[in-house]
Every structure is written in C-alpha cells, then in structure tokens.
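Participant: Sequence:
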Amino acid sequence: MKKSIIALATAFTVLFSTNAIQAKTNNSELTAIETADSQLQSVYDAYFTVKDALIKSDSKLTSAKAATLLTAITAVKMDKLKSNEHTVWMKVVKKLTADAKSISSTTDLKKQRETFKSLSKSTYDLIKVSSPTEPIYKQYCPMADADWLSKEKAVKNPYYGSSMLTCGNVVETIK
Numbered sequence: 001m002k003k004s005i006i007a008l009a010t011a012f013t014v015l016f017s018t019n020a021i022q023a024k025t026n027n028s029e030l031t032a033i034e035t036a037d038s039q040l041q042s043v044y045d046a047y048f049t050v051k052d053a054l055i056k057s058d059s060k061l062t063s064a065k066a067a068t069l070l071t072a073i074t075a076v077k078m079d080k081l082k083s084n085e086h087t088v089w090m091k092v093v094k095k096l097t098a099d100a101k102s103i104s105s106t107t108d109l110k111k112q113r114e115t116f117k118s119l120s121k122s123t124y125d126l127i128k129v130s131s132p133t134e135p136i137y138k139q140y141c142p143m144a145d146a147d148w149l150s151k152e153k154a155v156k157n158p159y160y161g162s163s164m165l166t167c168g169n170v171v172e173t174i175k
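With the working numbering, the residue at position 163 of the sequence shown is 163, and numbering never jumps.
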C-alpha cells in the first residue's frame with residue numbers, strides 16, 4: 001500500500017512537472033513570435049503616422065512623427081526578427097534611419113515629401129517579407145512618380161495633401 005501511494009505521488013509529480021515545463025516552453029515560443037511581430041509593428045505604425053502627417057501637409061507634425069519613427073527603428077532588436085525579416089532589415093536599416101532622421105530634422109514639407117519616397121521604398125521591402133496581420137495597400141501617384149503604403153484602400157496622397165488628395169491608385173495588396 002505504501003509503495004502504491006509513493007508510486008502514485010511520484011507519477012503525479014512527474015506529470016505536473018512535465019505539464020509545467022511544456023506550458024513554459026509554449027509561452028516562450030509564443031512570446032518570441034509576438035516579440036518578432038511587435039518589433040516591426042511599431043516601425044510600421046510610426047511610418048503610417050508620418051504618412052498621415054504628410055497628408056495633412058503639417059510639416060511640424062511630420063517632423064515629430066518621423067522622430068517617433070526613428071525611436072521605433074532604433075528600438076528594434078534584430079535577434080528577435082525572423083530570418084527573412086532580419087535579412088531585409090540588414091539591407092534597409094541604414095536607409096530607414098537616414099530617411100527618418102532627415103524628415104525629423106526639417107520642417108520643409110517639400111524635402112520631407114521627397115525623402116518620404118525613399119522611406120516608403122524601404123518600408124515596402126520590409127513589410128513585404130513580414131506577413132502583416134491586416135492588408136496593407138501599396139499606392140502610387142503618377143504625378144509624384146512615387147509609391148507609399150496605406151492601411152486603407154482609399155487613396156489619400158501624402159505627396160500633395162489636400163491639393164490632390166485622391167490622386168493615385170492601389171497597385172498592390174500585401175497580405
């Protein structure tokens with residue numbers, strides 16, 4: 001009887017320990033996946049705020065939002081990125097950083113919009129490999145001969161603001 005109780009207690013201990021270890025492992029894997037997604041998500045979110053400020057033709061707001069983007073870029077922990085994201089990140093990080101610095105350091109709307117072209121290209125390259133959770137629309141303005149990314153399908157042109165707000169079209173949907 002005593003041996004049966006000890007064996008049963010040992011079995012329960014092993015069973016509960018295994019479940020606890022497995023639960024901890026699953027949580028670690030989930031955290032790693034969430035961390036990779038959130039690493040780049042903050043960069044994308046900041047990019048969209050820069051775009052929205054350009055749509056409003058507000059150079060001071062654009063400068064401030066670009067500073068936030070710069071902070072998001074420097075906060076990315078490369079070791080937390082997926083392999084394909086890491087590869088592209090290494091190719092675009094210097095340009096992303098330079099563009100965000102350039103936009104944040106000026107209140108000249110024309111210069112901000114010109115630099116935004118390059119910023120959009122680098123962001124596109126990155127978002128293309130990250131499998132976004134919601135559709136992202138690559139839009140194109142023939143007047144500016146430039147692309148940008150948007151969360152909305154409706155065209156709101158950051159290169160001309162209210163003077164040509166709906167100039168452009170969706171050229172790609174990234175899912």
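Warning: the hint list may mix true and false statements.
Unchecked claim - Derived SDA-like pairs (lysine to any residue); straight-line CA-CA distance at most 25 Å:
#1 K111 x K175
#2 K80 x S42
#3 K56 x S131
#4 K94 x A154
#5 K60 x M164
#6 K60 x K110
#7 K156 x A67
#8 K56 x E172
#9 K60 x K156
#10 K95 x T173
#11 K91 x L61
#12 K110 x V76
#13 K153 x K101
#14 K101 x T173
#15 K94 x K110
#16 K117 x D79
#17 K80 x P142
#18 K82 x K110
#19 K175 x H86
#20 K77 x K56
#21 K56 x K82
#22 K117 x T166
#23 K56 x V129
#24 K128 x K60
#25 K111 x K82
#26 K80 x T133
#27 K82 x I127
#28 K156 x K80
#29 K110 x A75
To be verified - Per label pair, the in silico range of CB-to-CB distance:
#30 T74 x D145: 17 to 23 Å
#31 T74 x E114: 19 to 25 Å
#32 T166 x D58: 17 to 23 Å
#33 K175 x H86: 18 to 24 Å
The hints are simulated quantities; they were obtained by calculation from the structure and are not laboratory data. Think of the CB as a built atom: it goes at the ideal place given N, C-alpha and C, for glycine as much as any other residue.
Participant: Each hint should be assessed against the structure and marked as holding or not.
Facilitator: Here is what the structure says about each hint:
Distance hint between K111 and K175 is unfulfilled; the C-alpha atoms sit about 31 Å from each other, more than 25 Å. Simply put, K80 and S42 have alpha-carbon atoms about 14 Å apart, close enough for the 25 Å limit, and the pair holds. This hinted pair does not check out: K56 and S131 have alpha carbons roughly 29 Å apart, beyond 25 Å. Simply put, K94 and A154 have alpha-carbon atoms about 31 Å apart, too far for the 25 Å limit, and the pair is violated.
With a CA separation close to 20 Å, the supplied pair K60 and M164 stays within the 25 Å bound. Between the alpha carbons of K60 and K110 the distance comes to roughly 13 Å, so the proposed pair stays at or under 25 Å and holds. Between K156 and A67 the alpha-carbon distance is near 22 Å, which keeps this suggested pair within the 25 Å criterion. Distance hint between K56 and E172 is fulfilled; the C-alpha atoms sit about 24 Å from each other, no more than 25 Å.
Proximity of K60 to K156 is assessed by CA-CA distance (about 19 Å); at most 25 Å being required, the pair is judged to hold. Taking the CA atoms of K95 and T173, the gap is about 24 Å. The hint holds against a cut of 25 Å. The straight-line distance between the Cα atoms of K91 and L61 is roughly 28 Å, outside the 25 Å bound, and the hint therefore fails. This hinted pair does not check out: K110 and V76 have alpha carbons roughly 29 Å apart, beyond 25 Å.
Pair hint K153 plus K101 does not hold up; C-alpha atoms about 28 Å apart against a cutoff of 25 Å. Distance check on the hinted pair: K101 and T173 sit about 28 Å apart at the alpha-carbon level, beyond 25 Å; violated. With a CA separation close to 22 Å, the supplied pair K94 and K110 stays within the 25 Å bound. Between K117 and D79 the alpha-carbon distance is near 28 Å, which puts this suggested pair outside the 25 Å criterion.
The suggested pairing of K80 with P142 is violated, with an alpha-carbon distance near 37 Å, which exceeds 25 Å. For a cut-off of 25 Å, the pair hint linking K82 to K110 is broken: about 36 Å separates their Cα positions. Our distance criterion of 25 Å between C-alpha atoms is met by K175 and H86, whose separation comes to about 19 Å. Distance restraint check for K77 and K56: the Cα-Cα separation of roughly 32 Å exceeds the 25 Å cut-off, and the hinted pair is therefore not satisfied.
Between K56 and K82, the direct Cα distance comes to roughly 35 Å. Violation of the 25 Å bound is thereby established for this hinted pair. About 17 Å separates the Cα atoms of K117 and T166, which keeps this hinted pair within 25 Å; it holds. Distance hint between K56 and V129 is unfulfilled; the C-alpha atoms sit about 29 Å from each other, more than 25 Å. Restraint check for K128 and K60: the C-alpha separation of about 29 Å exceeds 25 Å, so the hint is violated.
Our distance criterion of 25 Å between C-alpha atoms is broken by K111 and K82, whose separation comes to about 34 Å. The hinted pair formed by K80 and T133 meets the criterion: a straight-line CA distance of about 18 Å does not exceed 25 Å. For the suggested pair K82 and I127, the alpha carbons sit about 12 Å apart, so the restraint of at most 25 Å is met. Distance hint between K156 and K80 is unfulfilled; the C-alpha atoms sit about 33 Å from each other, more than 25 Å.
In summary, the hint linking K110 to A75 is not supported, as the alpha carbons are separated by about 28 Å, beyond the 25 Å threshold. Between T74 and D145 the CB atoms are about 30 Å apart, so this pair departs from the stated range of 17 to 23 Å. One distance hint, 19 to 25 Å for the beta-carbon pair T74 and E114, holds here, with the actual separation near 23 Å. Taken as a hint, the range 17 to 23 Å holds for the pair T166 and D58, whose Cβ atoms sit roughly 19 Å apart.
Restraint check, K175 to H86: a C-beta distance of roughly 21 Å satisfies the suggested window 18 to 24 Å.
Consistency with the previously given hints fails for numbers 1, 3, 4, 11, 12, 13, 14, 16, 17, 18, 20, 21, 23, 24, 25, 28, 29, 30, ordered from lowest to highest.
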